[in-house]
Amino acid sequence: MDFALSDEQQMIFDMAYDFGQSEIAPNAQQWERDGTIPKTLWPEIAALGFGGLYVSEKYGGSGLSRLDATLVFEALAMACPSVGSFLSIHNMCGGMIDKFGDEATKQKWLPDMCSMEKVFSYALTEPGSGSDASALRTRADKTGAGYTLNGTKAFISGGNYSDAYLTMVRTGADGPKGISTVVVEAGTAGLSFGAFERKMGWLAQPTAQVQFDDCLVPLENLIGEEGRGFSYAMAGLDGGRLNISASALGGAQNALNIALNYMGERKAFGKTIDQFQALQFRIADMETELQAARTFLRQAAWKLDNAAPDASKFCAMAKRFVTDTAFNVANDALQLLGGYGYLADYGIEKIVRDLRVHQILEGTNEIMRVITARALLAERDRG
28 MDFALSDEQQ MIFDMAYDFG QSEIAPNAQQ WERDGTIPKT LWPEIAALGF
78 GGLYVSEKYG GSGLSRLDAT LVFEALAMAC PSVGSFLSIH NMCGGMIDKF
128 GDEATKQKWL PDMCSMEKVF SYALTEPGSG SDASALRTRA DKTGAGYTLN
178 GTKAFISGGN YSDAYLTMVR TGADGPKGIS TVVVEAGTAG LSFGAFERKM
228 GWLAQPTAQV QFDDCLVPLE NLIGEEGRGF SYAMAGLDGG RLNISASALG
278 GAQNALNIAL NYMGERKAFG KTIDQFQALQ FRIADMETEL QAARTFLRQA
328 AWKLDNAAPD ASKFCAMAKR FVTDTAFNVA NDALQLLGGY GYLADYGIEK
378 IVRDLRVHQI LEGTNEIMRV ITARALLAER DRG
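For the sequence shown, the numbering used here gives the first residue as 28, with consecutive numbering after it.
Don't read these hints as lab results, they were simulated from the structure.
Where hints are given, some of them may not hold.
No more than 25 Å apart at the CA atoms, straight line, and that leaves these computed lysine-lysine pairs for BS3-like [said to hold, decoys possible]: (1) Lys169 - Lys204; (2) Lys85 - Lys126; (3) Lys226 - Lys169; (4) Lys66 - Lys226; (5) Lys226 - Lys204; (6) Lys66 - Lys169; (7) Lys169 - Lys126; (8) Lys204 - Lys126.
Using the sequences and the accompanying hints, generate a full structural model.
See below:
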């Protein structure tokens with residue numbers, strides 16, 4: 028059992044960290060004010076191999092492991108959790124197409140995804156189906172010309188921004204077995220968007236409803252087989268939960284770093300505040316919790332990479348633990364700065380706002396508990 032990163036993994040982390048600090052961190056607050064990420068950023072990220080992290084090299088991807096990918100997202104999130112998390116969604120879509128698409132499908136979509144000539148969004152959630160995702164109602168009726176889509180998706184990161192939407196639709200009866208996955212390209216007739224949502228955090232990411240009104244999609248835009256879309260979506264979310272957790276971890280680590288530097292400069296009662304034992308205990312707990320979260324996350328990623336039978340349970344447990352821990356650490360870091368932590372200039376209030384949603388998306392942390400408990404009970408019953 029080796030807990031050390033390999034030389035290659037350390038290089039991956041350092042490359043992502045250096046790019047984030049030079050190209051993302053100086054612009055993060057302006058992009059938040061603008062409410063968007065410049066599309067010119069994505070080809071630069073793709074040039075590092077981050078546009079198709081676990082897409083096969085045959086299609087222009089990097090062919091990295093899920094563990095490798097968590098290093099990228101942790102490092103990028105130390106510059107801005109919102110930007111890093113948006114990239115994680117694009118990569119989740121690429122991973123699904125690489126894993127479940129046929130050869131023609133892969134050739135059609137993956138090269139442009141890996142170069143980020145096309146940026147992808149993931150469209151599962153609907154106004155009436157969030158945690159109960161298999162109750163989705165967006166219909167895709169098959170005709171000789173393709174699939175005609177009608178319905179609405181909600182809370183879509185990249186809505187009215189991305190170039191394509193990997194969309195879960197109902198092609199059959201109610202329930203998970205009636206769901207399929209199709210790609211809908213921007214500009215398709217019948218595709219429209221709601222107004223950009225006003226959010227607490229992730230302000231650099233445009234978020235909007237995605238609406239389908241007799242939206243005709245070619246038959247070849249189907250991913251994999253009809254009726255398998257829900258299982259594809261859930262498989263994609265295992266990796267997505269790891270990435271969102273890694274992004275939360277990176278944001279929290281940055282918040283702790285900011286607090287540590289501040290404590291060495293801020294004086295009260297004649298000495299720097301890092302000399303007060305009560306505050307030393309606080310940062311000791313924060314460091315301990317982050318290290319535990321990091322180890323748990325990487326164990327879950329290792330299980331997913333090795334197709335362990337309990338990988339989904341570990342992804343759910345890690346997502347719950349890491350995102351809760353990260354938010355709490357960031358919030359505690361803000362407290363250590365006092366009133367200055369509440370000011371935008373110091374950067375921590377943005378991290379706190381950004382990390383709150385990590386406890387909600389890719390499955391709420393309550394649903395992570397449901398997944399974990401069901402897996403535990405099933406293991407018990409199998410003896």
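Here's how the hints hold up against the structure:
About 16 Å separates the Cα atoms of Lys169 and Lys204, which keeps this hinted pair within 25 Å; it holds. About 13 Å separates the Cα atoms of Lys85 and Lys126, which keeps this hinted pair within 25 Å; it holds. Among the hinted pairs, Lys226 with Lys169 is inconsistent with the structure: their alpha-carbon atoms are about 36 Å apart, more than 25 Å. Of the pairs offered as hints, the one joining Lys66 and Lys226 holds, with about 21 Å between alpha carbons and a cut-off of 25 Å not exceeded.
Distance check on the hinted pair: Lys226 and Lys204 sit about 33 Å apart at the alpha-carbon level, beyond 25 Å; violated. Simply put, Lys66 and Lys169 have alpha-carbon atoms about 34 Å apart, too far for the 25 Å limit, and the pair is violated. Pair hint Lys169 plus Lys126 holds up; C-alpha atoms about 24 Å apart against a cutoff of 25 Å. With a C-alpha separation of about 19 Å, the suggested pair Lys204 and Lys126 falls inside the 25 Å cut-off, and the hint holds.
Consistency note: the structure conflicts with the earlier hints numbered 3, 5 and 6.
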